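Going down the list, the sequences are from chains A and B.
The numbering of the first sequence is my numbering, which starts it at 1 and goes up by one.
The numbering of the second sequence is my numbering, which starts it at 1 and goes up by one.
Source of the hints: derived by calculation from the structure; they are not laboratory data.
Only a predicted model underlies this, so the values are computations on that prediction, with no experimental measurement involved.
Possibly wrong hints are sitting among the right ones.
[To be verified] Once the Cα atoms are required to be at most 25 Å apart in a straight line, the calculated SDA-like pairs of lysine to any residue come out as: (1) B:136 to A:63; (2) B:29 to A:49; (3) B:136 to A:64; (4) B:114 to A:10; (5) B:114 to A:42; (6) B:136 to A:10.
Each chain, written out:
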Amino acid sequence: MQYYLMLAALLFVIGLFGVITRRNTIGILMSLELMFNAANINLVAFNRYISGDGLTGQIFAIFIIVVAAAEATIGLAIVLLIYRNWRGIDTDSYSVMKW
Amino acid sequence: MSDPGSVGIAFWILSAIVLISGLLVVSLKNIFHCALFLMLCLTGVAGIFILLHAEFLAAAQVLVYVGAVSVLMIFAVMLTSNLARKKIVQTNQNALVAFVSCVAFVVGALWLIKGTEVWKFATEALPANNTMTIGKLLMTEFMLPFEVVSVLLVAAMIGAIVLARGEEA
């Protein structure tokens, strides 16, 4: 149980590091997926070891997967739009919010 | 799979795969290689789910993440990035601060996990038929969240189409 939580914490921190340090927007989205997966590992591990009968943690993990898929779809559509307008998707190439 | 020794060995191998490929995802220079290692990492997480007796979730992970999200990422990388410029710097100047704060965070989290001795472990086993139980729960107890999340998916799909369509259509 503790080892699963440690794995999830390490994976979450790797994703957090990626979100902070990446310059490419797609890289940031990938690191976000890592953080979502760390949360999922935590939910499923708690469901396996703490909750006993009942699968509430796994249901929550399914909802997280769905929301992450929706987030990735919208995020990548926005990335395509940014690329079309600015010819680049580095985060410092589109620093204006209003034109 | 039932005896603890093989489960332990499988856990160490899978977590090594997950952590190493996760590190490569956030540290490699070529964003395309990052997407491929992201697929490997998500497959490893699916293996972890199988170890935790969440077979349906592992299948959903492989279908949604490895099958759909990663392919979407690869499409976006190929549509937007200039892969010929291999030497492009992928990190910004926050790297040192980010590294220090992340190390502080993970040390704190591991210390908390290690220091908590009073895990109240459940004694009864999980329901045997994983997929059937999840399906029944989704149709009875979690009916409203299920419907809400499908509305969210439809909204996301329409939004993505409208955003990516462009002005000429």
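Hint check:
1. B:136 to A:63: 15 Å, holds
2. B:29 to A:49: Judged against 25 Å, a Cα distance of about 39 Å means the pair is violated.
3. B:136 to A:64: Holds, because 19 Å separates the two Cα atoms, which is no more than 25 Å.
4. B:114 to A:10: 14 Å, holds
5. B:114 to A:42: 15 Å, holds
6. B:136 to A:10: At roughly 34 Å apart (the allowed maximum being 25 Å), residue 10 (chain A) and residue 136 (chain B) break the hint.
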